[in-house]
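J.: Mind docking chains B and C on chain A? Use the hints.
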Amino acid sequence: MYLLLREIRDRPLLWLLAFVPAVFVAQKLRPEAHAQLFVLSILAIVPLAALLSRATEAVAARTGDTVGGLLNATLGNLTELVIALAALRAGQYALVKGSIAGAIVANTLFMLGASFLLGGIKHHVQEYNRVSARLQAGLLFLATVALLVPSAVAEADATAGAGYIQQLSVSLSVLLIATYALGLFFSLKTHREFFGSAERAETGEIAWPLGLAIATLAGVTALVALVSEVFVESVQQAAATFGMTAAFVGFIVVALVGGAAELASALSAARKNRLDLSVGIALGSASQIAPFVAPMLVLLSYLIGPAPMSLQFWPGAVVMMLIAAMTASLVTNSGRSAWFVGVVLLVVYLIFAMTLYLLPPPLQ
Amino acid sequence: MYLLLREIRDRPLLWLLAFVPAVFVAQKLRPEAHAQLFVLSILAIVPLAALLSRATEAVAARTGDTVGGLLNATLGNLTELVIALAALRAGQYALVKGSIAGAIVANTLFMLGASFLLGGIKHHVQEYNRVSARLQAGLLFLATVALLVPSAVAEADATAGAGYIQQLSVSLSVLLIATYALGLFFSLKTHREFFGSAERAETGEIAWPLGLAIATLAGVTALVALVSEVFVESVQQAAATFGMTAAFVGFIVVALVGGAAELASALSAARKNRLDLSVGIALGSASQIAPFVAPMLVLLSYLIGPAPMSLQFWPGAVVMMLIAAMTASLVTNSGRSAWFVGVVLLVVYLIFAMTLYLLPPPLQ
Amino acid sequence: MYLLLREIRDRPLLWLLAFVPAVFVAQKLRPEAHAQLFVLSILAIVPLAALLSRATEAVAARTGDTVGGLLNATLGNLTELVIALAALRAGQYALVKGSIAGAIVANTLFMLGASFLLGGIKHHVQEYNRVSARLQAGLLFLATVALLVPSAVAEADATAGAGYIQQLSVSLSVLLIATYALGLFFSLKTHREFFGSAERAETGEIAWPLGLAIATLAGVTALVALVSEVFVESVQQAAATFGMTAAFVGFIVVALVGGAAELASALSAARKNRLDLSVGIALGSASQIAPFVAPMLVLLSYLIGPAPMSLQFWPGAVVMMLIAAMTASLVTNSGRSAWFVGVVLLVVYLIFAMTLYLLPPPLQ
Numbered sequence: 001m002y003l004l005l006r007e008i009r010d011r012p013l014l015w016l017l018a019f020v021p022a023v024f025v026a027q028k029l030r031p032e033a034h035a036q037l038f039v040l041s042i043l044a045i046v047p048l049a050a051l052l053s054r055a056t057e058a059v060a061a062r063t064g065d066t067v068g069g070l071l072n073a074t075l076g077n078l079t080e081l082v083i084a085l086a087a088l089r090a091g092q093y094a095l096v097k098g099s100i101a102g103a104i105v106a107n108t109l110f111m112l113g114a115s116f117l118l119g120g121i122k123h124h125v126q127e128y129n130r131v132s133a134r135l136q137a138g139l140l141f142l143a144t145v146a147l148l149v150p151s152a153v154a155e156a157d158a159t160a161g162a163g164y165i166q167q168l169s170v171s172l173s174v175l176l177i178a179t180y181a182l183g184l185f186f187s188l189k190t191h192r193e194f195f196g197s198a199e200r201a202e203t204g205e206i207a208w209p210l211g212l213a214i215a216t217l218a219g220v221t222a223l224v225a226l227v228s229e230v231f232v233e234s235v236q237q238a239a240a241t242f243g244m245t246a247a248f249v250g251f252i253v254v255a256l257v258g259g260a261a262e263l264a265s266a267l268s269a270a271r272k273n274r275l276d277l278s279v280g281i282a283l284g285s286a287s288q289i290a291p292f293v294a295p296m297l298v299l300l301s302y303l304i305g306p307a308p309m310s311l312q313f314w315p316g317a318v319v320m321m322l323i324a325a326m327t328a329s330l331v332t333n334s335g336r337s338a339w340f341v342g343v344v345l346l347v348v349y350l351i352f353a354m355t356l357y358l359l360p361p362p363l364q
Numbered sequence: 001m002y003l004l005l006r007e008i009r010d011r012p013l014l015w016l017l018a019f020v021p022a023v024f025v026a027q028k029l030r031p032e033a034h035a036q037l038f039v040l041s042i043l044a045i046v047p048l049a050a051l052l053s054r055a056t057e058a059v060a061a062r063t064g065d066t067v068g069g070l071l072n073a074t075l076g077n078l079t080e081l082v083i084a085l086a087a088l089r090a091g092q093y094a095l096v097k098g099s100i101a102g103a104i105v106a107n108t109l110f111m112l113g114a115s116f117l118l119g120g121i122k123h124h125v126q127e128y129n130r131v132s133a134r135l136q137a138g139l140l141f142l143a144t145v146a147l148l149v150p151s152a153v154a155e156a157d158a159t160a161g162a163g164y165i166q167q168l169s170v171s172l173s174v175l176l177i178a179t180y181a182l183g184l185f186f187s188l189k190t191h192r193e194f195f196g197s198a199e200r201a202e203t204g205e206i207a208w209p210l211g212l213a214i215a216t217l218a219g220v221t222a223l224v225a226l227v228s229e230v231f232v233e234s235v236q237q238a239a240a241t242f243g244m245t246a247a248f249v250g251f252i253v254v255a256l257v258g259g260a261a262e263l264a265s266a267l268s269a270a271r272k273n274r275l276d277l278s279v280g281i282a283l284g285s286a287s288q289i290a291p292f293v294a295p296m297l298v299l300l301s302y303l304i305g306p307a308p309m310s311l312q313f314w315p316g317a318v319v320m321m322l323i324a325a326m327t328a329s330l331v332t333n334s335g336r337s338a339w340f341v342g343v344v345l346l347v348v349y350l351i352f353a354m355t356l357y358l359l360p361p362p363l364q
Numbered sequence: 001m002y003l004l005l006r007e008i009r010d011r012p013l014l015w016l017l018a019f020v021p022a023v024f025v026a027q028k029l030r031p032e033a034h035a036q037l038f039v040l041s042i043l044a045i046v047p048l049a050a051l052l053s054r055a056t057e058a059v060a061a062r063t064g065d066t067v068g069g070l071l072n073a074t075l076g077n078l079t080e081l082v083i084a085l086a087a088l089r090a091g092q093y094a095l096v097k098g099s100i101a102g103a104i105v106a107n108t109l110f111m112l113g114a115s116f117l118l119g120g121i122k123h124h125v126q127e128y129n130r131v132s133a134r135l136q137a138g139l140l141f142l143a144t145v146a147l148l149v150p151s152a153v154a155e156a157d158a159t160a161g162a163g164y165i166q167q168l169s170v171s172l173s174v175l176l177i178a179t180y181a182l183g184l185f186f187s188l189k190t191h192r193e194f195f196g197s198a199e200r201a202e203t204g205e206i207a208w209p210l211g212l213a214i215a216t217l218a219g220v221t222a223l224v225a226l227v228s229e230v231f232v233e234s235v236q237q238a239a240a241t242f243g244m245t246a247a248f249v250g251f252i253v254v255a256l257v258g259g260a261a262e263l264a265s266a267l268s269a270a271r272k273n274r275l276d277l278s279v280g281i282a283l284g285s286a287s288q289i290a291p292f293v294a295p296m297l298v299l300l301s302y303l304i305g306p307a308p309m310s311l312q313f314w315p316g317a318v319v320m321m322l323i324a325a326m327t328a329s330l331v332t333n334s335g336r337s338a339w340f341v342g343v344v345l346l347v348v349y350l351i352f353a354m355t356l357y358l359l360p361p362p363l364q
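Protein chains in written order, with the working numbering: chain A, 1 to 364; chain B, 1 to 364; chain C, 1 to 364.
Isolated chain A, as found in the complex:
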């Protein structure tokens, strides 16, 4: 417990935890102040996400390489998953899909671009291991192709009933999760020598005892879930207040909020000239959301959603994910980076954000 408090004292980002009780108080006192609740819940989720990823790593560090790798690979995007589950239970499928697509795009374009830019401003040319970057870009490309299929079919054939799309979505989800599991087997077991898994450990942080780590993981997850409820309830009316649509909020706001902690780690690694780590965080997260988190949500929608959710996305989101996946492939091909590469990635992200902000299209 003392370790946890020291951690909070040393990382200014965690001071935002003060907003967690503020959310619950505000919700009790003024449940109709959607705009304030929206802002407060965002401010509360950011430090919780940081704490969550710290706890996941602490558990992973205590459980050996393979189990730890598995934990990181399944719980690495726990914040995004918990927020999406809250939206799923509320039946806000546009928000869920927007946040999936947004997280993929934000990780491959914004997080990677910002890492390249910040790292490149300090270091003239940076190099990184491209073997694992390639595997992740490949998985991401595969998953994007799979996510594209139901939308393309629905587009091409107006007579295709929703039942067909749903059946296709479930089959694709099972296939994607199986492929993701095989990918883990590949990178954690048969070909682990290509993936420097040790690298993440030596960040000089104080090791947490397993008990504290698991307790933090459980407690913080519960808190994220509670704050997410408030967030999801307030999002629609708050977005309207700020002149934004559910598409923009899901695509940009949720994605950036859910990934804030990872973003901080990736940027700090890039400035320390450890670009391998930055690229690993950015692409690792994206290549986990597309073939694992997204299909899990489709399957879970049968258990907790008001109706089954499909993998059919708004065409623009599919195009954006495809462009993001292709850009990631092209960029990581060379294994070298300079600041302008980061600018190009950030500009592509900005173009997408601007398009969504200026002209909100009817997202599913």
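Think of the hints as simulated: they come from the structure by calculation, not from any bench.
Every residue, glycine too, gets a C-beta built ideally from N, C-alpha and C.
Warning: the hint list may mix true and false statements.
[Said to hold, decoys possible] Looking from chain C toward chain B, a few residues come up when the C-beta cut is under 10 Å (computed):
1. Tyr2
2. His124
3. Val125
4. Asn129
5. Pro315
6. Thr327
7. Val347
8. Val348
9. Ile351
10. Thr355
11. Leu358
[Stated by the list, open to error] Computed cross-link-like contacts, DSBU-like style, restricted to lysine-lysine with a CA-CA straight-line distance of at most 35 Å:
12. B:Lys189 - B:Lys272
13. B:Lys189 - C:Lys272
14. A:Lys28 - A:Lys122
15. A:Lys189 - B:Lys122
16. A:Lys189 - B:Lys272
17. C:Lys189 - C:Lys272
18. C:Lys122 - B:Lys189
19. A:Lys272 - C:Lys189
20. C:Lys122 - C:Lys272
21. A:Lys189 - A:Lys272
22. B:Lys122 - B:Lys272
23. A:Lys122 - C:Lys189
[Said to hold, decoys possible] Simulated DEER-style distance windows between Cβ atoms:
24. B:Gly163 - A:His124: 54 to 62 Å
25. A:Leu303 - B:Ile8: 52 to 60 Å
26. B:Ala222 - A:Leu299: 48 to 56 Å
27. A:Val125 - C:Ala22: 51 to 59 Å
28. C:Ala218 - A:Leu13: 43 to 51 Å
29. A:Val125 - C:Ala33: 55 to 63 Å
30. A:Val125 - C:Lys122: 29 to 37 Å
31. B:Ala181 - A:Ser268: 51 to 59 Å
32. A:Lys189 - C:Leu182: 38 to 46 Å
33. A:Ile121 - B:Ala181: 38 to 46 Å
34. B:Pro12 - A:Tyr302: 39 to 47 Å
T.: Same frame as chain A, but now just chains B and C:
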């Protein structure tokens, strides 16, 4: 003749030749049993295709490097061509187009993926020459772009008359065949040192005399033509019986049946750690169908078809061919492979197959 | 002045300057002979463009590396810009957009392809520096993504008013120009060592005094502007006479005429086995038009056009630009070339030209 019999004795695949007379007997006795005729004719085509590719190679081996290369390049997909011609004569253009698109996708995704997977299970990391892989991936990409144009034009401009599409298809066909011929000139004449053409010969098989080889080539081609007639006649009603559409049958069944012999060679080479050969067979076949077999069929439709055939494909087929060509480019870029790369390719193929099976779109 | 005359005497291309007065005489005498005026103005623009790029380089050579690089980067496509401005003032937006898309495609496919082919016929295998080729292909890809967005939005959402598209186009234009400026800062300032900028100078030409260079630049720009007026006035009726559409004229004719001088330089460099220079001219020009010339024209349309021009292109043009950008990325990835690579690029260009010629789609 003795050589031919010994060949048949030594390769269990060729025992399926017993189904060839069975097809003709069954057609005489029960011409209305479409489902049985369909299955029998598939079982008969597989060994005939194997014998055909063996005979082509035997003739090629006897006629020197350049002529042999030319023969391999023009007769390498003779089975697919003969089946497509039977469908062309019957006016079944959906089947023809489906089998063209299906053969390209099956070769680049299924054959390449299965080779990488089987080879990778036995060998940790495999390397292969990527110069010729790149040329073939490039030709394939070019041909896919050409095949995409008429469909895109028809899509974009509903007022574009069928006459325009047809004129465009013929011009593109002539252009593609000319490019294919220049590509042969490049790989067989001016830059042959980059393409290890000798490699295919030394497979330890007994050399056939030229007479036997040519006689086998002619005889087996005739048999394939006869069996194909039965196949094409029975396919529509048989597909309906099995709950499949012409699109699915053309795209998956015809493509896999026509390429079964090459698939066997590619897989056996991959297990022997001769991945150069596997990649050569898979991409070589795809990069021959797209810029040579497909345009030949368009031109031949003027001679033997009931009406001219265009290059306009169902949009989904174009997307699948494009994704296959792009995937082949990305994958062969590194010249290295491990089992998971094979899994990714196979999953993309499975996604396409599943999409076609679950929701049969209106193919042309 | 003597230097200028000697230059004209030594370069047969410049003898076409005789057509410049011919255009003005013809316009006075027979203003209604559109077909003749069209041909005459094309013949007059070609040598003027050559002189213009010679003068730009002469000024650049006198003003030091950084300022010279800036000049080349902003005035390098002055001819295309002046023609486009004439069309802009006349409100011929289909011609403007066609010439932008056409210039990008012509530079990446036709100029690069012809260089690879002509160079490859003389030299077996040619190598070139791929670092700067990659930066330019990257910028081009980025700009193409940006140009794609307004068209995709307009396509996806029919209810999107023209106002939205216009607002989006202006924002994207500002963003692209800023990115282009950052790219210049990168290649001329922070990472100049990767970009062999000295290379262009040592072409053995006689240095011009600064006064002559600036006077020529100013005078020839004025002449190009005057001839462009005639060209734009005559183009519509002349195209109809020759059975061509504004789309085809803009996409093919204007692009090739405006780039004729650069084409001559690129081809001559390729034959001298200086492929670095050819690739630099071809991709440099394309990656200048997409993120600089095109957005400049959008912004300038507010000042001199009859109405604001958007970045919305005819879908086919977007597809062609995307394929051109992707092909450039794939091809320049290896840094090696042989004649068949050139054939493939030229065939893709021919396919596009043929499609536009056979079936003129409604551009704009």
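J.: A separate judgement is required for each hint: does it hold in the structure or not?
T.: Each hint tested on the structure:
1. Tyr2: 47 Å, violated
2. His124: Interface hint status for His124 (chain C): holds (8 Å vs cutoff 10 Å).
3. Val125: OK, holds: Val125 (chain C) within 10 Å of chain B, min 8 Å.
4. Asn129: Given a least distance of 19 Å, the restraint on Asn129 (chain C) is violated.
5. Pro315: 6 Å, holds
6. Thr327: 8 Å, holds
7. Val347: 5 Å, holds
8. Val348: Result: holds, 6 Å to nearest chain B Cβ.
9. Ile351: Ile351 (chain C) check passes; min Cβ-Cβ to chain B is 5 Å, inside 10 Å.
10. Thr355: With a closest approach of 5 Å, the Thr355 (chain C) hint holds.
11. Leu358: 5 Å, holds
12. B:Lys189 - B:Lys272: It holds: about 30 Å lies between the C-alpha atoms, which stays within 35 Å.
13. B:Lys189 - C:Lys272: 24 Å, holds
14. A:Lys28 - A:Lys122: 47 Å, violated
15. A:Lys189 - B:Lys122: This hinted pair holds, its Cα atoms lying about 15 Å apart.
16. A:Lys189 - B:Lys272: The given pair, whose Cα atoms are some 24 Å apart, holds under the 35 Å limit.
17. C:Lys189 - C:Lys272: Distance ~30 Å between Lys189 (chain C) and Lys272 (chain C) Cα, so the pair holds.
18. C:Lys122 - B:Lys189: 15 Å, holds
19. A:Lys272 - C:Lys189: Holds, because 24 Å separates the two Cα atoms, which is no more than 35 Å.
20. C:Lys122 - C:Lys272: OK: Lys122 (chain C) and Lys272 (chain C) at ~9 Å, within 35 Å.
21. A:Lys189 - A:Lys272: This hinted pair holds, its Cα atoms lying about 29 Å apart.
22. B:Lys122 - B:Lys272: 9 Å, holds
23. A:Lys122 - C:Lys189: Judged against 35 Å, a Cα distance of about 15 Å means the pair holds.
24. B:Gly163 - A:His124: 54 to 62 Å: 60 Å, holds
25. A:Leu303 - B:Ile8: 52 to 60 Å: Holds, at about 57 Å.
26. B:Ala222 - A:Leu299: 48 to 56 Å: 53 Å, holds
27. A:Val125 - C:Ala22: 51 to 59 Å: Once the Cβ atoms are compared, 54 Å apart, the range 51 to 59 Å for Ala22 (chain C) and Val125 (chain A) holds.
28. C:Ala218 - A:Leu13: 43 to 51 Å: 58 Å, violated
29. A:Val125 - C:Ala33: 55 to 63 Å: 59 Å, holds
30. A:Val125 - C:Lys122: 29 to 37 Å: Taking Cβ atoms as reference, Val125 (chain A) and Lys122 (chain C) lie about 35 Å apart, which means the hint holds.
31. B:Ala181 - A:Ser268: 51 to 59 Å: 57 Å, holds
32. A:Lys189 - C:Leu182: 38 to 46 Å: Since Lys189 (chain A) and Leu182 (chain C) have Cβ atoms about 44 Å apart, the given range 38 to 46 Å holds.
33. A:Ile121 - B:Ala181: 38 to 46 Å: Given range 38 to 46 Å: violated, Cβ gap about 52 Å.
34. B:Pro12 - A:Tyr302: 39 to 47 Å: 46 Å, holds
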